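> Sequence:
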Amino acid sequence: MKFTVLFRRVLLALAGLFFSLGANSGATILLWPIDPWLAAERNASELWIENRGDAPTTMQVRIVRWRQQGGFERYQNQQDVVASPPIVRIEKGNKQLIRLIKQTKAPDGAEQAYRIIVDEIPSSDNADTPPMGLKIQMRYSLPLFVYGQGIATWPGEEHHARASVPQLQWRVIRENGAPFLEVRNQGRYMFASVKRVCAREVKRVPWRMACWGTCFQVAIGAGRYPQE
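Position 175 (the sequence shown) corresponds to 175 in UniProt numbering; numbering is contiguous.
Keep in mind the hints are simulated off the structure, nothing from the lab. Be careful, since some hints might not be right.
[As the list claims (entries may be wrong)] Subject to a maximum C-alpha distance of 20 Å in a straight line, what follows is the list of computed SDA-like cross-link-like pairs (lysine to any residue):
(1) 102 with 85
(2) 105 with 39
(3) 105 with 43
(4) 92 with 138
(5) 105 with 151
(6) 95 with 46
(7) 92 with 120
(8) 92 with 67
(9) 102 with 67
(10) 105 with 122
(11) 95 with 40
(12) 95 with 39
(13) 102 with 92
(14) 95 with 151
(15) 105 with 62
(16) 92 with 43
(17) 102 with 34
(18) 105 with 83
(19) 105 with 53
(20) 92 with 151
(21) 105 with 55
(22) 102 with 77
(23) 102 with 52
(24) 102 with 53
(25) 95 with 67
(26) 92 with 148
(27) 95 with 122
(28) 102 with 117
[Said to hold, decoys possible] Across the chosen pairs, the derived CB separations fall in these ranges:
(29) 44 with 169: 34 to 42 Å
(30) 44 with 107: 16 to 24 Å
(31) 177 with 52: 16 to 24 Å
(32) 95 with 176: 46 to 54 Å
(33) 52 with 105: 45 to 53 Å
(34) 64 with 173: 31 to 39 Å
(35) 137 with 169: 38 to 46 Å
(36) 33 with 175: 18 to 26 Å
(37) 109 with 173: 30 to 38 Å
(38) 170 with 94: 46 to 54 Å
(39) 171 with 79: 39 to 47 Å
Note that this is a predicted model, so its numbers are computed, not measured. Just so it is clear, CB atoms sit at the ideal spot from N, CA and C, and this is done for glycine as well.
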């Protein structure tokens, strides 16, 4: 058995998803692209929000810094990259452009990770009409990566997901008698997809994004494996 690490910084499996805001809101939201990014030479990128539902909707867009620490996702307010406009009302059948504007350059040779947080702002209930059912406020979260000078991208900046070479160290460890593959990310980038390959199957291993300087473990089943 061998392990193939597909070095990607976006969750491409999310492509083309529609997001439903719930029965009360009457809105169906489409967000695209689901993997926006900013190369060193670019000062802005685009995010589109389309309302395919049967009622108007109001959305708030924020961008927060994103990192992993102690196995947990950490978010922090920042002003390096901002969304404009930050609050929009979208009529049914319409779409709205949100510009993701870089206000501060990323350091040379560095990748900076952010999350785009898109929140539904519930409409005010009519005081003369009692609310019916459960009122739900929906939230959507998309990754955003910003690159400094020296970070490779595809020719013509077509896409950033497969441009760089992984710098990974791995070893086989045992916990409670069970073997695990421990992989440490020593590079400057995140990656977000792992496939386990053997003679009879290729299986994608579920796990979270691994930041630079962090490690993760994948269960590999019984067998004999080298320790490094």
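> For the pair supplied as a hint, residue 95 and residue 46, confirm whether the alpha-carbon distance does not exceed 20 Å.
13 Å, holds
> Need the status of pair residue 95, residue 122: alpha-carbon distance at most 20 Å?
18 Å, holds
> Would you say the C-beta atoms of residue 44 and residue 107 sit inside 16 to 24 Å of each other?
Roughly 19 Å apart at Cβ, these two residues keep to the hinted range, so it holds.
> Taking only the CA atoms, is the gap from residue 105 to residue 55 under or equal to 20 Å?
39 Å, violated
> If you check the beta carbons of residue 64 and residue 173, does the distance land in 31 to 39 Å?
34 Å, holds
> Given the hint of 38 to 46 Å, check if residue 137 and residue 169 actually sit that far apart at their C-beta atoms.
Since the Cβ atoms of residue 137 and residue 169 sit about 43 Å apart, the hinted range of 38 to 46 Å holds.
> Does residue 102 pair with residue 52 here, judged by a C-alpha cut-off of 20 Å?
29 Å, violated
> Taking only the CA atoms, is the gap from residue 102 to residue 53 under or equal to 20 Å?
Violated, at about 31 Å.
> Keeping to a limit of 20 Å between CA atoms, is the pair of residue 102 and residue 77 held or broken?
15 Å, holds
> Does the hinted range 46 to 54 Å hold for residue 170 and residue 94 at CB?
49 Å, holds
> Going straight from one Cα to the other, do residue 102 and residue 34 come out at no more than 20 Å?
18 Å, holds
> Cβ-Cβ distance between residue 177 and residue 52: within 16 to 24 Å?
Distance hint for residue 177, residue 52 is violated at roughly 52 Å.
Checked against the numbered hints given earlier, the structure breaks hints 8, 10, 11, 12, 13, 14, 16, 19, 20, 21, 23, 24, 25, 26, 31, 33 and 36 and satisfies all the rest.
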